[in-house]
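Peer 1: The residues making up each chain are set out below.
There are 2 protein chains.
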Amino acid sequence: MIKAYAAFKAGSELQPFEYDPGPLRASDVEIKIEHCGICHSDLSMLNNEWGMSTYPLVPGHEIVGSIAAIGENAKHLSLNQKVGLGWHSGYCMTCDTCTTGDHNLCASAEQTIVNRHGGFADKIRAHAASVIPLPNEIDAQSAGPLFCGGITVFNPLIQFNIKPTDNVAVIGIGGLGHIALQFLKAWGCHVTAFTSSPSKKNDALAFGANMVLDPNNTQELNAASGQFDFILSTVNVKLDWNALINTLRPKGRLHFVGATLAPLDLSVFPLILRQRSISGSPVGSPTNIKKMLDFAVRHKITPNIETFHFSKANAAIARLASGQAKYRIILSHD
Amino acid sequence: MIKAYAAFKAGSELQPFEYDPGPLRASDVEIKIEHCGICHSDLSMLNNEWGMSTYPLVPGHEIVGSIAAIGENAKHLSLNQKVGLGWHSGYCMTCDTCTTGDHNLCASAEQTIVNRHGGFADKIRAHAASVIPLPNEIDAQSAGPLFCGGITVFNPLIQFNIKPTDNVAVIGIGGLGHIALQFLKAWGCHVTAFTSSPSKKNDALAFGANMVLDPNNTQELNAASGQFDFILSTVNVKLDWNALINTLRPKGRLHFVGATLAPLDLSVFPLILRQRSISGSPVGSPTNIKKMLDFAVRHKITPNIETFHFSKANAAIARLASGQAKYRIILSHD
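Here the protein sequences come in this chain order: A and B.
Residues in the first sequence are numbered from 145 upward in steps of one, following the working numbering.
Residues in the second sequence are numbered from 145 upward in steps of one, following the working numbering.
The following block holds chain A by itself, in its conformation from the complex (with noise of 0.2 angstroms):
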């Protein structure tokens, strides 16, 4: 029996809860998790905003841990050997998009807290493509928002060929923007932060920003006419995108990883104009996962975090929820 926490519907607090994962499938790898980060798509889960929520529902796919089992399939791996999983706990690998190497854009990926049980539990399968092995230069603690947050913020700088010429910006600084603000300094690009809270400002400071604007402010947007590359939006609430597509040069990206609820409302000349383009991604490869892993140890990137036992897991996502934390919550077996 696997022992888990979860919501036996949406919004409810977490209870101790076990299942029985069954016998080992041949592609599959069991993890003893030793850490999970909280994201906010845990948060979203849990109270079923993308309606897609199953209960009970055992939140928590930012894990790292060690290799327990091992499929007869699962050749690549080893028992005992460190490792992380993320947002996908197994891809078709049949697909055009798994064959090319998108397999972050396979239509059939199975999603770790999506229909099954995710890493808020001692121990969790997953299919061992989607199972990445950690550096052992990595601090094993804070390295799970890797695996969501921090795939998530890097997989656009391939994905766009972004080059350390570049003049990028990140808006808000919180559990992805504070990875992405390190990664872009280490990348080279000239960094500038777009927060609306003034007591980050010299944490993104500190994180690699150049800069720092008010995504709020007109007068400052005003004066960032033309200038960027290249922004990532981290944040899920709505801003006045226009005026921000405006800070892109001919040619700039405004690229979405925040899952932002409202439509994006957008007037097509701004884009006509000057060649601007809007997209967004989620998550990223396993190629580009340890891709990002090498870049995180070479450049010494470590999420900030805050710990708590599994234990009081119902007292981490009240912390996440109030928007205080600085900048990730992990959960720990000891």
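These are calculated hints, taken from the structure and not from any lab test.
Since we're looking at a predicted model, the values are computed, not measured.
Fair warning: there could be bad hints in the mix.
Just a few of them, taken from the derived set where beta-carbon distance is under 7 angstroms, the chain A residues facing chain B [stated by the list, open to error]:
1) F161
2) M196
3) P394
4) S411
The calculated lysine-lysine pairs, modelled on DSSO-like cross-linking and capped at a C-alpha distance of 27 angstroms, are [said to hold, decoys possible]:
5) A:K470 to A:K444
6) B:K382 to A:K395
7) A:K307 to B:K307
8) A:K434 to B:K395
9) A:K456 to A:K147
10) B:K226 to B:K395
11) B:K470 to B:K345
12) B:K444 to B:K226
13) B:K435 to A:K395
14) A:K307 to B:K395
15) A:K382 to B:K382
16) A:K444 to A:K226
17) B:K395 to A:K382
18) B:K395 to A:K395
19) B:K444 to B:K434
20) B:K176 to B:K226
21) B:K307 to A:K395
22) B:K345 to B:K307
23) B:K434 to A:K395
Glycine residues also receive a C-beta, built at the ideal position from the N, C-alpha and C atoms.
Following the hints, position chain B against chain A.
Peer 2: Positioned in the frame of chain A, the structure of chain B alone reads:
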């Protein structure tokens, strides 16, 4: 004096109008106009739909003629040479977009019918860099629309690296769309035409479409889910953009060259989950206009035209406004 046809206020008919162009600037040439296409942008400017019209307004920015006078610095053109002129009649030549070959994105570019007089005239002046030699093999009478409508739909194929293996679609089979279908067929793509006019279906197939769909037919859109690498929208009406985005493959792009005035009201989730992009672009650079002309010659691509004498400009405009023109109207002096 230059003899032209001008509207003296928004929405009024054209009347004969003369103006003195002054001394020829060193960087400019004078073109003796033979033919001029009529573009929807001429209508929008005549009616001041974009709030930037000044009167008297001489429309016309799909111009073909021959060089009648050459400024002392315009050494790459020669007297009597056949040339074309489109939406841009000059560039600053020194900004970052100009010096990297993206003259069409120059923020100070001169626009042929904005705050100056266009091609419904016997002559016109323009900065020599914006005046493009017409290949001998091209039919002069029907070539004008290539310099605005043509380059507007050709340029994105260059900018976004469209591949012959791509599955592409064109929304709107009008002045721009009927040229886009021809370019994309010659590009080697599988081409779908989106039109809500059943009467245009056979024409769309003749221009190169492999199939025709109705953008307002939910069933047809659902059946095309996840199919297209690239959709080019040439219309200025509001469609169900989210339903159209759903027909894009992972990493697909919905690209706007039609100046739709209504905001795009896009959901961000379909962009994030499949890494899709939305973008826009205006005309093209001088180099890409030359590439287009060469491509049009090699593939025998020509706009389908109806012709009017310049003295019938008001009738020609009424014909365009009726939506019945098939597919581009040309004014000619003879």
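Peer 1: Going straight from one Cα to the other, do K444 (chain B) and K434 (chain B) come out at no more than 27 angstroms?
Peer 2: 15 angstroms, holds
Peer 1: Taking 27 angstroms as the top limit, are the C-alpha atoms of K307 (chain A) and K307 (chain B) close enough?
Peer 2: 24 angstroms, holds
Peer 1: Could you grab the alpha-carbon distance between K307 (chain A) and K395 (chain B) and see if it respects the 27 angstroms cut-off?
Peer 2: Distance ~20 angstroms between K307 (chain A) and K395 (chain B) Cα, so the pair holds.
Peer 1: Taking only the CA atoms, is the gap from K444 (chain A) to K226 (chain A) under or equal to 27 angstroms?
Peer 2: 19 angstroms, holds
Peer 1: Please verify whether K345 (chain B) and K307 (chain B) have alpha carbons no more than 27 angstroms apart.
Peer 2: Within the cut-off at roughly 25 angstroms; holds.
Peer 1: Does the alpha-carbon distance linking K176 (chain B) and K226 (chain B) stay inside the 27 angstroms limit?
Peer 2: 9 angstroms, holds
Peer 1: Given the hint that K470 (chain B) pairs with K345 (chain B), does the C-alpha gap stay at or below 27 angstroms?
Peer 2: 13 angstroms, holds
Peer 1: Need the status of pair K434 (chain A), K395 (chain B): alpha-carbon distance at most 27 angstroms?
Peer 2: Since the Cα atoms of K434 (chain A) and K395 (chain B) sit roughly 21 angstroms apart, the hinted pair holds (cutoff 27 angstroms).
Peer 1: The hint names S411 (chain A) as touching chain B; please verify it with the least Cβ-Cβ distance against 7 angstroms.
Peer 2: 6 angstroms, holds
Peer 1: Tell me if the straight-line CA distance from K226 (chain B) to K395 (chain B) falls inside 27 angstroms.
Peer 2: Judged against 27 angstroms, a Cα distance of about 42 angstroms means the pair is violated.
Peer 1: Please work out if K434 (chain B) and K395 (chain A) have their alpha carbons no farther apart than 27 angstroms.
Peer 2: 21 angstroms, holds
Peer 1: Are the Cα positions of K470 (chain A) and K444 (chain A) separated by 27 angstroms at most?
Peer 2: 18 angstroms, holds
When the structure is compared with the earlier hints, violations turn up for hints 1, 2 and 10 and for no others.
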